[in-house]
Amino acid sequence: MAYLIKGVSILGAAPADLFLKDGVISDKADKDAEIIDGTGLVALPGLVDVHTHLREPGREDAETVETGSRAAALGGYTAVCAMANTSPVADTAGVVEQVWRLGREAGLVDVQPIGAVTVGLAGKQMAELGAMATSAANVRIFSDDGFCVADPKLMRRALEYVKAFDGVIAQHAEEHRLTEGAQMHEGEVSTRLGLTGWPAVAEEAIIARDVLLAEHVGSRLHVCHVSTAGSVEVLRQAKARGVRVTAEVTPHHLLLTDELAAGYDPVYKVNPPLRTRRDVDALRQALLDGVIDVVATDHAPHAVQDKECEWSHARPGMLGLETALPIVLSIFGPQWELIADRMSRAPARIAGLAGHGGDLTAGSPANLTLVDPSARRVVDPSELASRSRNTPYAGMTLPGRIVATFLRGEATVLDGKAVK
Amino acid sequence: MIKHLRSAADLDAPTATLILDTAAEMAALSGREVKKLPALRGRTVVNLFYEDSTRTRISFEAAAKRLSADVINFSAKGSSVSKGESLKDTALTLQAMGADAVVIRHSASGAPHRLANWVDGSVVNAGDGTHEHPTQALLDAYTMRSRLGRLDGLKVAIVGDVLHSRVARSNVLLLTTLGAQVTLVGPPTLIPLDVAAALAEKTQVSYDLDAVLPDSDVVMMLRVQTERMQDSYFPSAREYSRRYGLDVARMKKLPEHAIVMHPGPMNRGMEIAPEVADSPRSTIVEQVANGVSVRMAVLYLLLGGK
Amino acid sequence: MAQPRADAPSKIILAESDLHRVVDRIAHQILEKTSGATGTVLLGIPTRGVPLAHRLAARIHAFEGVEVPVGSLDITLYRDDLRLKATRALGRTELPPGGIDGLRVILVDDVLFSGRSVRAALDALNDVGRPSSVQLAVLVDRGHRQLPIRADYVGKNIPTALSESVKVTLTETDGADEVKLLGGLS
Numbered sequence: 001m002a003y004l005i006k007g008v009s010i011l012g013a014a015p016a017d018l019f020l021k022d023g024v025i026s027d028k029a030d031k032d033a034e035i036i037d038g039t040g041l042v043a044l045p046g047l048v049d050v051h052t053h054l055r056e057p058g059r060e061d062a063e064t065v066e067t068g069s070r071a072a073a074l075g076g077y078t079a080v081c082a083m084a085n086t087s088p089v090a091d092t093a094g095v096v097e098q099v100w101r102l103g104r105e106a107g108l109v110d111v112q113p114i115g116a117v118t119v120g121l122a123g124k125q126m127a128e129l130g131a132m133a134t135s136a137a138n139v140r141i142f143s144d145d146g147f148c149v150a151d152p153k154l155m156r157r158a159l160e161y162v163k164a165f166d167g168v169i170a171q172h173a174e175e176h177r178l179t180e181g182a183q184m185h186e187g188e189v190s191t192r193l194g195l196t197g198w199p200a201v202a203e204e205a206i207i208a209r210d211v212l213l214a215e216h217v218g219s220r221l222h223v224c225h226v227s228t229a230g231s232v233e234v235l236r237q238a239k240a241r242g243v244r245v246t247a248e249v250t251p252h253h254l255l256l257t258d259e260l261a262a263g264y265d266p267v268y269k270v271n272p273p274l275r276t277r278r279d280v281d282a283l284r285q286a287l288l289d290g291v292i293d294v295v296a297t298d299h300a301p302h303a304v305q306d307k308e309c310e311w312s313h314a315r316p317g318m319l320g321l322e323t324a325l326p327i328v329l330s331i332f333g334p335q336w337e338l339i340a341d342r343m344s345r346a347p348a349r350i351a352g353l354a355g356h357g358g359d360l361t362a363g364s365p366a367n368l369t370l371v372d373p374s375a376r377r378v379v380d381p382s383e384l385a386s387r388s389r390n391t392p393y394a395g396m397t398l399p400g401r402i403v404a405t406f407l408r409g410e411a412t413v414l415d416g417k418a419v420k
Numbered sequence: 001m002i003k004h005l006r007s008a009a010d011l012d013a014p015t016a017t018l019i020l021d022t023a024a025e026m027a028a029l030s031g032r033e034v035k036k037l038p039a040l041r042g043r044t045v046v047n048l049f050y051e052d053s054t055r056t057r058i059s060f061e062a063a064a065k066r067l068s069a070d071v072i073n074f075s076a077k078g079s080s081v082s083k084g085e086s087l088k089d090t091a092l093t094l095q096a097m098g099a100d101a102v103v104i105r106h107s108a109s110g111a112p113h114r115l116a117n118w119v120d121g122s123v124v125n126a127g128d129g130t131h132e133h134p135t136q137a138l139l140d141a142y143t144m145r146s147r148l149g150r151l152d153g154l155k156v157a158i159v160g161d162v163l164h165s166r167v168a169r170s171n172v173l174l175l176t177t178l179g180a181q182v183t184l185v186g187p188p189t190l191i192p193l194d195v196a197a198a199l200a201e202k203t204q205v206s207y208d209l210d211a212v213l214p215d216s217d218v219v220m221m222l223r224v225q226t227e228r229m230q231d232s233y234f235p236s237a238r239e240y241s242r243r244y245g246l247d248v249a250r251m252k253k254l255p256e257h258a259i260v261m262h263p264g265p266m267n268r269g270m271e272i273a274p275e276v277a278d279s280p281r282s283t284i285v286e287q288v289a290n291g292v293s294v295r296m297a298v299l300y301l302l303l304g305g306k
Numbered sequence: 001m002a003q004p005r006a007d008a009p010s011k012i013i014l015a016e017s018d019l020h021r022v023v024d025r026i027a028h029q030i031l032e033k034t035s036g037a038t039g040t041v042l043l044g045i046p047t048r049g050v051p052l053a054h055r056l057a058a059r060i061h062a063f064e065g066v067e068v069p070v071g072s073l074d075i076t077l078y079r080d081d082l083r084l085k086a087t088r089a090l091g092r093t094e095l096p097p098g099g100i101d102g103l104r105v106i107l108v109d110d111v112l113f114s115g116r117s118v119r120a121a122l123d124a125l126n127d128v129g130r131p132s133s134v135q136l137a138v139l140v141d142r143g144h145r146q147l148p149i150r151a152d153y154v155g156k157n158i159p160t161a162l163s164e165s166v167k168v169t170l171t172e173t174d175g176a177d178e179v180k181l182l183g184g185l186s
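Chains as they are written, first to last, in UniProt numbering: chain A, 1 to 420; chain B, 1 to 306; chain C, 1 to 186.
What the hints contain is simulated information worked out from the structure, not anything from laboratory work. Remember, it's a predicted structure, so these values are computed and weren't measured experimentally. One thing to keep in mind: the hints can contain errors.
What the hints assert, rightly or not - Straight line, CA to CA, 25 Å or less: simulated SDA-like cross-link-like pairs of lysine to any residue:
#	chain 1	residue 1	chain 2	residue 2
1	B	LYS88	A	ASP380
2	B	LYS3	C	LYS85
3	B	LYS306	C	THR47
4	B	LYS35	C	GLY129
Let the sequences and hints guide you as you build the complete structure.
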């Protein structure tokens, strides 16, 4: 199928026609091309999420590779990295290949599995990282996300070991001895609500340790869901010294604060927890400055019963794929260069996804999304493509509507609806 | 009148005072031979207790029965709750039974707030996790007012594990609403910076009990759980007791009129010496009796009207 | 019951001096009907029944030198219309030191209307003791009874429409002695 997108603005530039043919962006129109009116729309390179939970295998009642892929496509994504904390854990070539294959079968986005760093995410023994790297899934990011690789020796070895295949360790930074029983950000609100606090220092201490380890062994480090102003400072200093560290921030940490816990609605429970206004401001600045490299969703679907309960019994996590771009637009406005970099190019680079995050020029893979920045939508959980409903944005009016998404020249979303 | 009592923050000064005044009338009525009053005839009060707390449950049960309400005790043990039924499903069951009020005790902070989303009746917090215990604060305030004649300007020291104490949280909110000056006393591990920050406008913090006692009208000793020792909040029961326990020598530093309170159950010899607990200054037994009157007042004011 | 508006037309039924004369007359009637008020206790129903009971006791003492014990009997918790209105604050129940067992209790209220308050008072009385007999004294009887209840002592009978209301004010509670009829719905 060939497409002619008429009068579309590429990254905010003057309207022009865009041709897609044979999976790539073409410099001339095909006479049989299907015509899409691009008036008022902005074309972005397809978004890439380095941090998604697809829940399959194991919790197909919360999400499957297929439903998560559909949610991703509707959110403007063409590639997502699926976290390893499934059941069974993605700690072998077999499991990562299964997830990778399910992604191919769904065919809505490229599903790039992330491999576990340690066997069973237990933090004791390194998983067969090399086997996962050379599997069909071609794993490059390794993470025990949900758990921190707490043992400094093991973390050091993992950082070193993945150099052989240009891998990267994505650390969930949480000093667990400081977060035992933690329910929300440790601060005035947690004190008032009587919920055990998750202190900022528990994140900052691990990031500080890990950037030193990465510096020591000369390895790449990626920091998951940075949530505190203090972490930003640690990263800023490390980058200034030339440490090869990258970092992500979630849309929810860029927008929401711990005050939302006041009603004890677990839809606001997430790990790391929502922090304070001061942290939110620092994270926004860090994303602008490039101290934080990417926006990653940490899309974490949960079944209804895991959220319709007491706060402390609820599982942490929020949906993110379908609302990430609107949230970022609502915060930063139409800074298309910034958005393309932090949500497509940089994450594609970190994940080693060559076909994604490219410029929308002739010859490049036709992975792109079309956004109507003037449209505004009220978030209705029942309309989400995800199998779960745990969005913290229900009822919020957000700018930007994803009109179409193309994966290698094939439409996955047209007219705001998933093609399959 | 408010619909729920989930937190002492639900109470403004006039409402809190109305509860205390109503409790005083209830107390006067409880001296008579026929203790039962017909005000809540036909109303159903459910005691939903996920934690064992015989004294609180009995207190609420007596209060509801004296007002002629039908009382259903729904305790976690041996019920569908222990078979893993969710709070929401239990709530829907209570809703179907037509509960006019649910008195809930739960180990999870905020459980009463969640419950209030799922039932039409009033929700009364009988202690939730490390959050609040508002009727305990009301009975403490009632006890202070009846012993000392006022709350406005009263100097109250709350001593011990403030961090984990639902009694302390509710008392700070209620007492400051009613004009008392609260000082929190304990080791810094149990009154961390955030407690001070969250409550600083309203309260003072001290780590030195001996310095606070001479200027206190009320000293309220909190129960200190021994498992806190395992978690390095303080080194040993002996050291805790020496630094923050109320013994006879310390009691002598209190002004003549000052009273000693404890929400119970006490660790005699730990946070409070037996001689102090049994002294005339101690209001510990009174607090229990006042609990029924205060809970009658709360149930009447929540359920008595339209 | 529909309440007249605050700015509804009003008519004074008992001015201050009339009200005092009426209280005096009730005091005399009590002395007469109870053979000198021996073995008698006055229980006022809050709010305005309580000062009225004290006034009656004071007048009885002035006329005959008899000390009649006075108390108050709050009926709030016994009302049959609790659920129809917002929660009411409680009044005070205070029995005289000698109690009421075996004595003649005269309930005192300002206005007798439906009779429901008196029914509640009889229930309340039942829970605090066993008097030998119970009588009822009211300042105003405005009619429209809904229960088989009548007063033993009536200061003034005032025929009223249901849309009207009778407002008693007393110095102790309201700063002035007066009984007004507030006009119908306008």
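(message) Could you work out which of the previously given hints the structure breaks and list their numbers from low to high?
(response) none
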